[in-house]
Amino acid sequence: MKIKGSQIIVESLIKENVEYLFGYPGGVVIPIFHELYHAPIKFVLSRHEQGAIHAADGYARASGRTGVVLATSGPGATNLITGIATAHLDSVPLVVLTGQVSTNMIGNDAFQEVDITGITRPISKHNYLVQDIKDLARIIKEAFYIASTGRPGPVLIDIPVDISNGMYDFEYPKEVSIRGYKPTYDGHPVQISKACRLIESSKKPIIYAGGGVVISNAAEELRELVKKTGIPVTTTLLGMGTYPETDPLSMEMLGMHGTYYANYAVHNSDLLIAIGARFDDRVTGKISDFIPNAKVIHIDIDPASVSKNVLVDIPIVGDCKKILKEMNKEIKAPKIEEWVNELKKVKEDNPLQYEMKEKGDIKPQYVVEQLYKLTEGKAIITTEVGQNQMWAAQFFKYTEPRTFISSGGLGTMGFGLPAAIGAQLARPDKRVIDIAGDGSIQMNIQELIVAAQHKLPIIIAILNNGFLGMVRQWQQLFWDKRYSHTCINFAPDFVKLAEAYGCVGIRVTEQKEVDAAIKKALSITDKPIIIDFKVCKEENVYPMVPAGKTIKETIMRELA
Amino acid sequence: MSQHIISVRVENKFGVLARVAGLFSARGYNIDSLAVSKTEHDDISVMTIVVNGDDRILEQVKKQLNKLIDVIKVSDHAQSSSIQRELALIKLNCPAAKRGEILQLAELFKAEVADISLKTITFSIKGHTEKIDRFIELASPYGIKESMRTGLVSILKEKD
Chain A
14 MKIKGSQIIV ESLIKENVEY LFGYPGGVVI PIFHELYHAP IKFVLSRHEQ GAIHAADGYA
74 RASGRTGVVL ATSGPGATNL ITGIATAHLD SVPLVVLTGQ VSTNMIGNDA FQEVDITGIT
134 RPISKHNYLV QDIKDLARII KEAFYIASTG RPGPVLIDIP VDISNGMYDF EYPKEVSIRG
194 YKPTYDGHPV QISKACRLIE SSKKPIIYAG GGVVISNAAE ELRELVKKTG IPVTTTLLGM
254 GTYPETDPLS MEMLGMHGTY YANYAVHNSD LLIAIGARFD DRVTGKISDF IPNAKVIHID
314 IDPASVSKNV LVDIPIVGDC KKILKEMNKE IKAPKIEEWV NELKKVKEDN PLQYEMKEKG
374 DIKPQYVVEQ LYKLTEGKAI ITTEVGQNQM WAAQFFKYTE PRTFISSGGL GTMGFGLPAA
434 IGAQLARPDK RVIDIAGDGS IQMNIQELIV AAQHKLPIII AILNNGFLGM VRQWQQLFWD
494 KRYSHTCINF APDFVKLAEA YGCVGIRVTE QKEVDAAIKK ALSITDKPII IDFKVCKEEN
554 VYPMVPAGKT IKETIMRELA
Chain B
289 MSQHIISVRV ENKFGVLARV AGLFSARGYN IDSLAVSKTE HDDISVMTIV VNGDDRILEQ
349 VKKQLNKLID VIKVSDHAQS SSIQRELALI KLNCPAAKRG EILQLAELFK AEVADISLKT
409 ITFSIKGHTE KIDRFIELAS PYGIKESMRT GLVSILKEKD
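Keeping their order, the protein sequence lines are chains A and B. Counting the first sequence from 1 gives a position; our numbering is that position plus 13. Counting the second sequence from 1 gives a position; our numbering is that position plus 288.
FYI, nobody ran anything at the bench for these hints, they're computed from the structure. Any given hint might turn out to be false.
From the structure, some residues in chain B lie toward chain A, with a derived Cβ separation under 10 Å [unchecked claim]: (1) F302; (2) R344; (3) Q352; (4) D358; (5) L377.
From the three backbone atoms N, C-alpha and C, an ideal C-beta is built for every residue, glycine too.
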């Protein structure tokens with residue numbers, strides 16, 4: 014029986030067990046929305062397409078499932094671009110459906126026409142322009158498959174309105190066969206054995222775990238490996254939670270604003286075991302001085318990540334979970350007591366710290382610490398980008414994967430609030446807190462109404478310092494303190510703003526009020542809460558390895 | 289920096305050329321020559337790309353090419369292990385008085401006369417890149433009005 018293209022789309026989404034669809038209507042997608050009206054898919058109407066795609070991204074990261082987005086042609090599609098690039102750089106599985114003008118109008122500068130497949134080519138894992146309705150179901154099936162397998166990423170499908178309005182027989186394909194796309198999952202057994210032997214003979218090994226461990230759900234296998242070998246672990250920003258940061262063997266996060274002990278451990282290691290990580294410049298600093306004495310084992314599903322920035326001695330291409338399982342079968346513990354003791358000492362001597370004053374403004378780090386204590390570390394944290402993101406990474410201790418959700422690769426301001434909406438929908442059993450700055454929160458503030466509409470008890474903790482703090486910090490340290498256009502103290506009243514959106518607003522101006530405000534927020538379970546923490550204006554994030562510098566040039570604290 | 293000849297077998301679909309070219313242009317690499325054609329299979333095209341660049345970066349580009357969903361196979365064609373040809377069309381100034389010596393030069397290179405007019409002569413020449421380079425060099429004193437080349441095509445030698 015022939016059905017409409019728009020029905021094929023909705024039926025295909027149902028076949029893919031899509032729970033939530035995030036999006037925004039528009040002219041050429043009316044046929045699809047027409048079918049969604051009665052469909053058993055929960056539609057989350059954003060107030061800007063960027064909000065929709067970040068929400069789908071937050072949903073995907075919190076749940077491990079594929080996020081799905083629907084927007085119209087032209088501006089609807091271009092508003093998704095930052096979200097597509099965000100998901101692409103952090104390997105988040107998304108299927109993005111955009112409407113397009115009718116096939117006979119393409120290339121005609123028609124109303125609301127843009128070449129969105131052309132625009133998104135370098136920022137998506139793959140994309141499609143549907144030209145024939147007979148391909149529609151197959152393309153949707155392939156898109157879900159490509160988005161969620163191998164190294165995941167966003168896949169866009171551009172659907173002209175005449176395809177949605179056309180008629181065709183619906184049969185959803187059971188299998189996918191793409192000859193140019195066959196990800197490798199099983200690690201090469203010889204490479205795995207070689208890696209085990211190298212680890213066993215190492216004196217100063219360190220595990221460097223990244224977002225790939227989260228994506229492949231390999232936290233359990235990673236913990237098993239550490240249990241068997243006693244090797245200390247540091248993680249990237251996106252790898253946080255894969256190994257409990259409360260454990261003595263955790264060196265916590267490495268990199269530009271990582272802990273001193275994590276960077277010390279990596280720099281002085283004789284063997285770096287990279288698992289699902291890609292040697293980003295924010296991790297390595299000056300690459301020639303990154304690991305002067307270490308051999309490198311690199312486990313990653315993406316062959317293009319291997320030996321890209323750092324030459325690898327033993328590459329193992331495949332799925333982290335499968336490879337770690339194999340390693341755990343045969344690996345024996347190396348003799349590294351001396352090294353572990355050395356690192357424990359470095360960790361004790363160089364803790365993350367900030368200066369607490371008895372009087373004066375609230376310390377932003379203190380706010381994050383209290384959020385950690387009062388939630389007993391059980392919340393899901395999303396972040397914006399900048400100082401708020403780094404303090405959220407440093408002072409909240411993550412013990413489970415998928416509990417820290419942040420735009421790592423692209424560094425997208427305005428990500429945290431919509432991502433919190435997606436994460437809260439995916440995990441109604443958890444408290445979701447967006448740790449925000451007063452700059453970033455204003456970038457997608459319109460999504461607050463979506464959180465209120467769905468009665469989501471998201472806590473938005475604004476670390477309000479009246480500055481675009483991270484840029485101001487760089488201006489202070491490297492640009493002669495010329496605070497060019499980073500002061501944003503002409504700001505909205507966030508408490509009134511919360512109320513205008515049907516949320517609860519709390520202002521905190523003194524340190525002693527911090528706990529009570531957090532407790533009050535935690536007691537509210539049916540609407541979003543904004544807490545406007547008026548924090549120190551010129552607090553900096555430390556330690557800091559300046560861009561392109563080495564660990565020896567780490568700035569540990571405020572210079573007098 | 290060294291010259292690389294990369295042969296890429298791809299799905300014969302619209303947009304694939306843009307994806308492949310994008311990987312080079314995003315790194316600021318100019319493609320020296322590019323030839324795209326059908327193959328023995330209707331649904332597979334082959335692209336022969338000649339590019340100059342740093343070995344390690346090109347290694348990375350090849351891995352990125354392999355990641356493209358529509359790319360079926362990427363191979364490096366070294367001079368020694370492959371057969372390579374290109375074709376050029378060259379239009380020379382050629383007054384009647386010079387015709388004899390120009391035709392003599394063309395004969396040495398087995399260049400064919402494709403067109404002739406009162407003042408010009410157009411040759412078609414095929415072969416190795418170096419042979420065509422040399423012909424152009426020797427013909428240039430007569431005045432080249434227009435010249436163009438197809439880009440290299442390359443096929444691997446069969447091993448016995």
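Go through the numbered hints given earlier and state which of them the structure violates, listing their numbers in rising order.
Failing hint: just 5.
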